[in-house]
Amino acid sequence: MITSIARKEFTEIVRDGRFKWTAAIMVLLLLTAMLAGYQKYNTAVRIQHAAQAGSNQQWLNQGDKNPHSAAHYGNYAFKPAGPLSYFDNGISNYAGTAVFMEAHKQNFAIGRPATDQSAIARFGDLSGASILQLLLPLLIIFLGFTAFSGERESGTLRLVMSMGVTNRQLLWGKALGVGTAVLIVVVPCILIGAVALAMADSIDHAEGMGTRITVLSLAYLMYAGIFLFLTLAVSALTRHARTTLMVLIGFWAFTGFLMPKAASEISKYTNPTPAFGKWMADMRAHQLRGFDGTPPFVKFMGYTKQLLKEYGVSKPADLPMYFVAVRLQKLEEYDYPVFDQHYGMIRDAYAEQLRVQDRLGVLAPTLPLRSISRAISGTDSIQHVKFMSDAETFRRNMVLKMNDYLSKASVHLNATFSSSNYMRADEEVFAIVPPFVFEPPKLSAIITEHRSNFMLLALWLAAAIGLAVFAANRISLESS
Amino acid sequence: MLEAINLKKTFGDYDALKGLDLTVNPGDIYCLLGANGAGKTTTINLFLNFINPTSGTARVCGIDVMADPLETKKLLAYIPEQVMLYGNLSALENLRYFAQLGGHDYTEAEYKGFLTRCGLQNEAVTQRVSQFSKGMRQKVGVSIALAKQAKALLLDEPTSGLDPKASNEFSELLIQLKNDGASILMATHDLFRAKQTGTRIGIMREGRMMQELGTEDVSHADIERIYLEHMHGDASRHAA
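Chains as they are written, first to last, in the working numbering: chain A, 2 to 481; chain B, 226 to 465.
If you are wondering where the hints come from, they were derived from the structure by calculation, not from laboratory data.
Glycine included, each C-beta is placed from N, C-alpha and C at the ideal position.
Be careful, since some hints might not be right.
[Claimed, not checked] Label-pair distances were calculated between CB atoms; the ranges are:
id	chain 1	residue 1	chain 2	residue 2	range
1	A	Ile267	B	Gly237	43 to 49 Å
2	A	Arg19	B	Leu295	29 to 35 Å
3	A	Leu36	B	Gln374	52 to 58 Å
4	A	Arg19	B	Asn404	41 to 47 Å
5	B	Asp289	A	Ala459	40 to 46 Å
6	B	Thr279	A	Arg243	31 to 37 Å
7	A	Ala459	B	Asn231	50 to 56 Å
8	B	Cys286	A	Thr212	56 to 62 Å
9	B	Thr279	A	Val363	39 to 45 Å
10	A	Ala254	B	Leu295	35 to 41 Å
With the rest of the complex left out, here is chain B:
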């Protein structure tokens, strides 16, 4: 479970996050929507303890991120927009290294299992990742999350730049993880994907949560309309 309680972050004069409240339950895929600068990445960085909040609390499975960042990081998996790997190590070597950093170790067969389960072709497993496409690197990124047995996932625009097929495969993997009981928080610009894979949607603007929706309750067209209203700044009177 991921919880943000009145979370604020200020960079100098700039308020990146102005008191965010957010809960992602196990089995949820929570999609954070919003323009660049809305505070999506800041939220993720706060959960990862990459930055310290100005005030407020971020919790992972009930543990305060500030109080015990090493413990909360063990429960988290992070998949950035670009999964950056070590170019002259193979996919398997990359996976093994990150799994070991996360405190796990598996047999070679198990590592291969993770990678193929994430859709990486067999022959790519032992290839160096320097020539991998973005889609292939995202697959390694998901297998790292799998191997980590993470309770919560933080994804920062993971599908941007993926072709539709790769994007679809990625969504399938997320749904599998969700069904296994993970809490997933995903920052995205892809309204279609958000409706398709997400269970809940939060629309952010200028560091504030403008509106939260259940994806079951609204159509794709509704989401787009509501989103655009918020972006034009005239939706606040409709909210509530």
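Next up, chain A with everything else stripped away, as it sits in the complex:
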């Protein structure tokens, strides 16, 4: 029974002019987005590889110099674009792609593609994800809005309801028919995109690609299901097809356009981030004041006394290590908790903003889906935060390695204490700092982090199905 209903629904949709046009536009956009995204990704990977290799080479070839000066010369960390960034670009356009890592300073990421883009970019990227998030619901609405109200208007619903079929069978049959029509448009495009990705020559294989693609497909299927059942529910509840369409388009605009913008504004209001200038000045002052209120140089005097006692000598020049290097490293380390606190404050504010946005997903299913899509594609803020923290770990290690080397290799200069007597290190010494490698967050951790978003999506689907069943059950022919 349900398959007969589904087959009829499908045949009717496919023969309708509506289907041919919407399907053609959808396929064209999806394929363009996928292939353009793939092209962009390929280029991005090549640039990132070349840039990182070049910067690593520069570090090694910077010329013989004092190791601490080498740490000042520094190195860059370039953020690798995950293979799924071609599908969902997430916040990549705004988050910055490179960090300069140098002695004494923790830096923000630079190189935000958005700053190089024209005003048109404000309408959003043409990516597979944005098309599936915005246009897939529209396709479902266009193919399904007449399911009940259209049949009511044309009069076929009376004949159908006289046949002894239950409202629920009618609902499931229609869901299956419309769903199939939607899938035959979308699935081939996604497969083409996946095949193109698999054939790419320069892939950084992200962990668990198979799982990632499965989870993404599942999330988007749930999202499509939400719109499918909402469409059928509204179609069953409304008397005229044009009313059905108006209600659905209204909801679509609300969840797809209004809410994402509103959510980010609301979260900025509830959890404001500090103004950059003030934040910078505060951090600088905190550094000078010392993390716990004891200025760094005072702290270092205490440390020196302790060191002299430990080694049983009376003056720093008698210590078995190069005292200048010890001092450089110690002052570096006194800044760690200050950086952690101030950068952490910003990081936490952003994280809290995202949590506020995610909670607003109760009102709009596009919000949880968007978060999941970015997270699984590796283009969300968790990924960026991990990149920044990897870069900072690398920076601290780089500076430590250089200061340590200096401290051991220049013991003989302890007595002279003169800048003209700097030791010179070469490539071999610089090579003790291993090249920067970004370790993306574990997939399991990402999924755990987004537990509530998966739950929201599931709740939305359950609610949509519930509403559709309720609406189908109360179809009345009372006044028709």
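Since the structure of chain A is provided, determine the placement of chain B on it from the hints.
Same frame as chain A, but now just chain B:
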């Protein structure tokens, strides 16, 4: 068999049906006559469970429509004034879909058989119905009833707007179904057809059954006279 027992239906303040008693036996074509608003369509909607009665009972083959509407719908076939079909499906596809909804399935040849038996031209069978005339759509409607193997038929002014030839063909089909033992209830304005095809006639006015007649017992002229008397409201004293 179709039975209405003291069937009442009220829409807000308006009494559409004020206690209707009616029986249509197998082999009967019962024609409901009456002006618009007399309660003919309401009666049919009650048998179809499209609306619930305010009080009273409607039964199909002894089964209460309220108690088991899915079962009674399987025994019924409904042919509305306008048989509305899916325009971009062919006659055969429409028939197959409705037959399957009614819980039946046949071979393609059998479906064609139903359609041609109902007088649809061979070449129209696989054509999309969007261009079909009303007569052709009514034929598909009857073939749907045939395929459903319905025990009772509910027809709501099925011949209005049909040309005389199509109307005549339609009546022939009804007589075939009647001879097969179906109980047929038809709301109509066509007194001539009612006399011609019907076995019994019921005249309704303002939600009440005014008079029932056997078509054998009266001439066409009698029917018209009695009908008009009821419509003018001065026949009640002649009734009984």
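Hints, one by one, checked against the model:
1. Here the CB-CB span from A/Ile267 to B/Gly237 is close to 46 Å, well matched to the stated 43 to 49 Å.
2. The beta-carbon spacing between A/Arg19 and B/Leu295, approximately 33 Å, falls within the hinted interval of 29 to 35 Å.
3. At about 56 Å, the CB distance of A/Leu36 to B/Gln374 agrees with the hint of 52 to 58 Å.
4. At about 46 Å, the CB distance of A/Arg19 to B/Asn404 agrees with the hint of 41 to 47 Å.
5. For B/Asp289 and A/Ala459, the hinted distance range of 40 to 46 Å is satisfied, since their beta carbons lie about 42 Å from each other.
6. In this structure the supplied range 31 to 37 Å holds for B/Thr279 paired with A/Arg243, their Cβ-Cβ distance being about 33 Å.
7. Roughly 51 Å separates the CB atoms of A/Ala459 and B/Asn231, a value that falls within the hinted 50 to 56 Å.
8. One distance hint, 56 to 62 Å for the beta-carbon pair B/Cys286 and A/Thr212, holds here, with the actual separation near 58 Å.
9. Checked against the hint of 39 to 45 Å, the C-beta distance between B/Thr279 and A/Val363 comes to roughly 43 Å, which is consistent with it.
10. Between A/Ala254 and B/Leu295 the C-beta distance comes to about 40 Å, which sits within the given range of 35 to 41 Å.
Hint violations for this structure: none, all hints satisfied.
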